[in-house]
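In order, the protein sequences belong to chains A and B. The numbering of the first sequence is this note's numbering, which starts it at 1 and goes up by one. The numbering of the second sequence is this note's numbering, which starts it at 1001 and goes up by one.
The hints are simulated quantities; they were obtained by calculation from the structure and are not laboratory data. Worth double-checking, as some hints may not be accurate.
What the hints assert, rightly or not - Think about it this way: if two alpha-carbon atoms lie no more than 25 Å apart in a straight line, the pair counts; the simulated SDA-like pairs of lysine to any residue are:
(1) A/Lys326 x B/Cys1499
(2) B/Lys1396 x B/Val1411
(3) A/Lys593 x B/Glu1488
Said to hold, decoys possible - Okay, the calculated beta carbon distance ranges per label pair:
(4) A/Ile247 x B/Arg1204: 36 to 46 Å
(5) A/Glu569 x B/Pro1233: 34 to 44 Å
(6) B/Asn1497 x A/Asp263: 26 to 36 Å
This one's a predicted model, so the numbers in the text were calculated from it and none came from an experiment. Even for Gly, the Cβ is constructed at its ideal location relative to N, Cα and C.
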Amino acid sequence: MNGMISATSTFDVIVIGAGHAGCEAALAAARMGCATALVTLDTSAVGRLSCNPAIGGVAKGHLVREIDALGGEMGRAIDATGIQFRLLNASRGPAVQAPRAQADKDAYPRRMSAAVAAAARLTVLEGEASDLIIEGGAAHGIILADGRRFSAAAVIVTSGTFLRGLLHVGLESRPGGRIGESPAVGLSRALARCGLPLGRLKTGTPPRVLRDTVDLGRLVRQRGDPEPVPFSFETDRIEQSQVDCHITFTGPRTHDLIRANLDASPLYSGAITSVGPRYCPSIEDKVVRFADRDRHQLFVEPEGREHPWLYLNGLSMSLPEEIQWKVVHSIPGLEEAKIARAGYAVEYDFVHPTACLHSLETKSVRGLFLAGQINGTTGYEEAAALGLMAGINAALKIRGEPSFIPSRAEAYIGVLIDDLVLKGTNEPYRMFTSRAEYRLLLDIDSADLRLTDHGRRLGLIESERYARFLDRRERIRKFREALETTSITPRVEVVEKARSIMGIHIKVPTSPAMLLRRNDVRMEDLERFMGDALPNRLGRRERASVENRLRYGGYIERQERDVARMRREEARRIPVRFDYASVPGLSNEIIEKLTTARPENLAQAARISGVTPAAVTLINILLEKRRRAIPDAAPRAWRRGATIAAPRNTGSGSSSWRRNHS
Amino acid sequence: MDSPRSPSGDNPVRDPRPSDDSLPGTDTIVAISTPPGRGGIGVVRLSGSDAVGIALRLFRPLANARPLHSSASSEPEEARSREARVDIEPNRLIFGRFIAAGGGTIDHGYLVAFRRPRSFTGEESAELWAHGSPAVLRWMVEAAVVAGARPATPGEFTLRAFLNGRIDATQAEAIRDLIEARTTFQAKIAHDQIEGRVTNEVERLKDRLAEIVAGVEASIEFSEEQDASRFLPEGGLLDRMGALKRDVEKLAGTFDRGRRVREGSRVAIIGLPNAGKSSLFNRLLEEDRAIVTPLAGTTRDLLEEVLDLGGIAATLIDTAGLKEAANAVDAEAVRRAEGQIETADHFIVVLDWSRDLRSGERALLERIDPTRTVVVLNKADLNCGLGLERVIYFRKSCDALAVSARTGEGVSDLRTRLEEMVTGGGATSREELFITNARHYDRLLRVAEALRRAEGGARDRIGEEYLVCDLKQGLDGLGEITGEVGVEDIYERIFRNFCIGK
Chain A
1 MNGMISATST FDVIVIGAGH AGCEAALAAA RMGCATALVT LDTSAVGRLS
51 CNPAIGGVAK GHLVREIDAL GGEMGRAIDA TGIQFRLLNA SRGPAVQAPR
101 AQADKDAYPR RMSAAVAAAA RLTVLEGEAS DLIIEGGAAH GIILADGRRF
151 SAAAVIVTSG TFLRGLLHVG LESRPGGRIG ESPAVGLSRA LARCGLPLGR
201 LKTGTPPRVL RDTVDLGRLV RQRGDPEPVP FSFETDRIEQ SQVDCHITFT
251 GPRTHDLIRA NLDASPLYSG AITSVGPRYC PSIEDKVVRF ADRDRHQLFV
301 EPEGREHPWL YLNGLSMSLP EEIQWKVVHS IPGLEEAKIA RAGYAVEYDF
351 VHPTACLHSL ETKSVRGLFL AGQINGTTGY EEAAALGLMA GINAALKIRG
401 EPSFIPSRAE AYIGVLIDDL VLKGTNEPYR MFTSRAEYRL LLDIDSADLR
451 LTDHGRRLGL IESERYARFL DRRERIRKFR EALETTSITP RVEVVEKARS
501 IMGIHIKVPT SPAMLLRRND VRMEDLERFM GDALPNRLGR RERASVENRL
551 RYGGYIERQE RDVARMRREE ARRIPVRFDY ASVPGLSNEI IEKLTTARPE
601 NLAQAARISG VTPAAVTLIN ILLEKRRRAI PDAAPRAWRR GATIAAPRNT
651 GSGSSSWRRN HS
Chain B
1001 MDSPRSPSGD NPVRDPRPSD DSLPGTDTIV AISTPPGRGG IGVVRLSGSD
1051 AVGIALRLFR PLANARPLHS SASSEPEEAR SREARVDIEP NRLIFGRFIA
1101 AGGGTIDHGY LVAFRRPRSF TGEESAELWA HGSPAVLRWM VEAAVVAGAR
1151 PATPGEFTLR AFLNGRIDAT QAEAIRDLIE ARTTFQAKIA HDQIEGRVTN
1201 EVERLKDRLA EIVAGVEASI EFSEEQDASR FLPEGGLLDR MGALKRDVEK
1251 LAGTFDRGRR VREGSRVAII GLPNAGKSSL FNRLLEEDRA IVTPLAGTTR
1301 DLLEEVLDLG GIAATLIDTA GLKEAANAVD AEAVRRAEGQ IETADHFIVV
1351 LDWSRDLRSG ERALLERIDP TRTVVVLNKA DLNCGLGLER VIYFRKSCDA
1401 LAVSARTGEG VSDLRTRLEE MVTGGGATSR EELFITNARH YDRLLRVAEA
1451 LRRAEGGARD RIGEEYLVCD LKQGLDGLGE ITGEVGVEDI YERIFRNFCI
1501 GK
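Just need the whole structure built from these sequences, with the hints factored in.
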C-alpha cells in the first residue's frame, strides 16, 4: 500500500460495517460535522438484529440509556419499534433496574436505515471493504473489493462477526459472516498487516421456527409491562400495543437426544476451539455441564409484530439440521414446529482490545478506530456504545480536540472501554452491572444528568432537547432542595396529620428529607402529607429516584467517597514514554504489563491485573520525584485532558506511534 | 427498627471542623512512631482527615490544662459530641489522660494536634505522647483502630509527607527501601507455618464470602433466569452471613493471644516493703526451676526471671517496693519502681494479710488497671490483721487470692490465675491458630463490621445492590490479607454454580 491515493471520493470519516456499532459511529461522526461514509456489504442489512430480537436488559439497558443521553440512536429506535417492554429488577432499587424490549426485526432496521438516510453529511456505500490504505503509520482510507478507493482522515472498523467468519452447522462449516452473507477476509488480512493482534471468538444462535406451526396456546404467556418504561429520555410514553412472549421447557427426551448426538456438534467434535460467551451457553453446553437438571427454560419470542418466525431463546445450538428438528419436536408446544432457519455457530476474528487506546483508536495505526464485536464484545448494546464512542473520538481527532473518555464513575460506557483496553478479554465481553465499582451512581434515571452536558458540548444534542434536559435537571434540583429546606414543625394538627397519613409520630422539628431517610416513610405518603408545600412537577420515576437517593444516602455517599479517591489517582498522570524499567523494585512481569498497557494515570495502572499496590506506590514516588525535578514543563504536559497530537518517531524503525500529551 | 441509613454510614466519628475537600477521603493512619522497646516516652502518631477526632476518642484533656467539658460523662457518644465543639489548639502540648472504653484511665500524657498543611505529613495529624510502655502504646494503636484509623503500612507517614510535598526527594529513597524490605519480609513470613495456616484460614473465609457475593450478584444480573430461585436460597443468606461473621470475629479474636505469644509478657510484682514480694518471686520461680533462665544485666534493685505461663514467656520482675511517700531520701527508688508500673503488661499487687491496710497500698490499688492485675493477700499462714470485712471486700471486688509464699499455700491457684491473665484464657498449643499481624487484625475487624452491616441490611430487606456494597467491602478486606478477589472470579463462580443463559 503506497502513496498512489487516487480516491474517487474523499471523506473525513469512513465507517466499515453498518451494524449497531457502525450506525452509531457514522451518525455521531456525521452529526459532529464530519463528511462520513458508511460502507456495508448489503444496504438492506443496515442495523440488522442478527441474533435475538431484543434490546436492553440489566446493564445493557443501562448502556442504551447512556447512548441516548449522548445523542445516540439506539434508544429512540427501540422505543419506536419495540413490540414488548419490560422493566427488569423492578422490585429492586433504581440502580439495577433496566428496560428490556422485544424488537421488531423488520421495523427496527427500517427505523435505523431511515435515520442513517436522513442524516446530513452521511453517505452509504455498498461494497466489501477489502483493504485499508495505511501510510506512515496512519490510516488514509479504504479500498473496496471492486477496486474503488476512498480516502479519509479516520477509518472506523465495525466488522461484527464478519472477519474471516466461519459458520458451523453440524460438522459442516463454510465461510460466512451471517447465514447467507459472505465473510470479510481481505480486511482481516489488512488488520493483521497493521500489526494488530488478532484472536478468535465464537458465538451461536438458536433455530427460528414458523409461528404458524407452534402451539402457543399451551405455553405460559409472558406479557409486557402495563406502563412501559422507555429507553430514550426523548420518549414520553410508549404508545404501541404490545405482544406476548411465551415460556416452554426442554425435557429429558431433549437432553437424551442432545447427548446422543454430541459427536455431531462442532462444539464437542473439536471443530470449534474458540471461546464463546459463558453467559450465553449453547444447549449442548447446558446439558453437559448441568447434567442433573431435567429441564431448561426457553423463551419463545416473536421476531416481529408481523414476522412469521419465532426465536427460541435459550436453545442456541449448532447440531446438524436434522437433529435440530428432532430436538425442537421434543419440546412441549413445538412438537409440530417447522424450522425456518437452523441454529448455527459462528467463529470470527477480533482484535485484542488492549491494542486500542481509550479513544478506541489503535495504538499502532493513527486514525484507525475499532468498535463493536471486533473489540471482543458481544451484544448489540455494547457494540452500539463502542460505535458511538469511536464515532465521537474520530470526529474529535479530526477537529483536533482531546478525546472524550467517560470515567468509570460516570458511565457504564466508561467501564466498558476501560475494562477492554486495560485488561483485554479472552471471551466475548458482556456488560454486567457488577463490573461497575460505582454501580449505585450509574442508575438509568441519571444517565442524562451524567452525560447530556457532554453530548451537548460534543454537538450531539440539539438545542431543543438540551432545553428540555435543563428543565428536567432544574425540576429535580428544586424538588430536592424543597425536601431539604421545607420545615415541618410538630404542631398538634401537623402531628395528627403525620400520624394518620404516614403512620409516624413527629416529636421534633424536621424536614421532608429527614423523614424520607427513615425507612418507614414512603414518598407517596409524604407527598400526600405535604400537599402543595412541595413542587409537584416531577414524574413518578423521578420522584422515586430522589427518594432512593435520600433513603440509601449512606451507601451512595460511600461510593462517592471512593470515586473521590479514584479521581486523586487519576490526577496523577503517567507520561506516555514513562520508562517502567527505571522504577527500582518493579518485577519484570509488572514492567512488561505496564509497558504494553501504557496506562495514562495511576488509577489505570492500579487496575491492570497483576500490578500490586506496592508497585503503584513505587511508580507514584518516582512520578513525584520527576515532577519536582522538572519544574515547569512536565506538570503542564501531564495535566488532565491531554490531547492526541502528531506522531512521533519512536526510533525503533517500526511504524508504531505513541500518544503524545502536549 | 434501624433505619437503613445507619448500617450504611461509615464510622460515626467525624472531624468536627468544617472539612476542606481538597483532600477528600484521606483515610487516617496510625502507628507507634518511637523506636520499639521501652523508652521513657512513646509517641503514637495519627495522620489523615480524621486524626484529631480519633485521638480525642482515647484522650481526655484534664480540666486544669484546657477546659474541655465540666463533668466527665460516662456516655461516650455524648462526650464525643461535646468535645466536638472544643477547639484543640494546634502545635501545643495538651496534658490529659488516656481512657479505656469503660472510662478508666490507662495512662497520663499529652496530645498535640497539627493542622494541615503544617504537619509532618502535610495532613491533619495528632500525636499522643505517653510513657514508653509497649503495652500502653499498643493499646493506643488498637483503640485508634477501633475508632476508625487504619494501621499504617511501613513508610506510609513518610510517603504521605513526600506526596504532599513536605519532605524532599532524597528521603523518598528511604520509603522505597522500606517497601522493598516489606516485600522481602512478607515473602519470608509466607513460609512461616503460623502465617501459612492463617492464610489458609482466611482463604477459606474468603471463599465462603465470594460464594455469597456470587449468589447475590447473580440475583441482580440474571433475575430472568430459571436458576434465579437458586441464587439466594430462602433464609440461607442470613444464616450464611451470620456464621461467616462469627468465624471472622473468632479469628480476629486470636490476635491478642497471638501477640502475647510472640512478644511475651512482663509481670511486675509490686507492693509496699515487707509485703513478701521477694518470697513470692522466689516461690513462683521455684515451681518452675527447671525452665527458669536467669537474665543477665539485672543489676540495681530489680530482679528479672523468665517463666513459662501457659506457653507464654513471662518475665517476672521483683520490684524494690514502694516506700512510704513521706521518706524523701527514697524518692529515686520509688521512681524506679513506679517505672515498672508504667511499663509492665501485668501486675501482681502484694498486700500483707497479717496487718492493716497502709495508705500507700490504698493509693496503689487506686492506680492500677484491674484487668491487668492479680491482687495477692500474702502471709495467709499468719493471723489475719487485715480485717474480715476488707478480705471479703478484696475477694469480691478484685477476686483477691490468699497466698502464703512461705508455705506455698495458694501458689498453684495464683499460677493458674496468672496463666489465665497472661494468655487471655487457656494455654496455647502448637495446633492453635492465631493471628500475629496487626494489619490482619485491622482488616478482620473491618470485615466483621462490614458483615454486621450486611446482616442488618438483609434483615431490613434492603435491595441486594446495597447489600453487596457491604459484602464486597468485606471481600476486599479479606483480599488485602491473601489477595484480591476480582469480578472475574465472581463470574467464574456464578457460571460454575448456576445454569445461566437464555
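Verification of the hints:
1. A/Lys326 x B/Cys1499: Cα-Cα ~23 Å, so holds.
2. B/Lys1396 x B/Val1411: holds (19 Å)
3. A/Lys593 x B/Glu1488: holds (19 Å)
4. A/Ile247 x B/Arg1204: 36 to 46 Å: The hinted range 36 to 46 Å holds for A/Ile247 and B/Arg1204, with Cβ atoms some 40 Å apart.
5. A/Glu569 x B/Pro1233: 34 to 44 Å: Cβ of A/Glu569 to Cβ of B/Pro1233: about 39 Å, so the range 34 to 44 Å holds.
6. B/Asn1497 x A/Asp263: 26 to 36 Å: Since B/Asn1497 and A/Asp263 have Cβ atoms about 28 Å apart, the given range 26 to 36 Å holds.
Taken one by one, the earlier hints all hold for this structure without exception.
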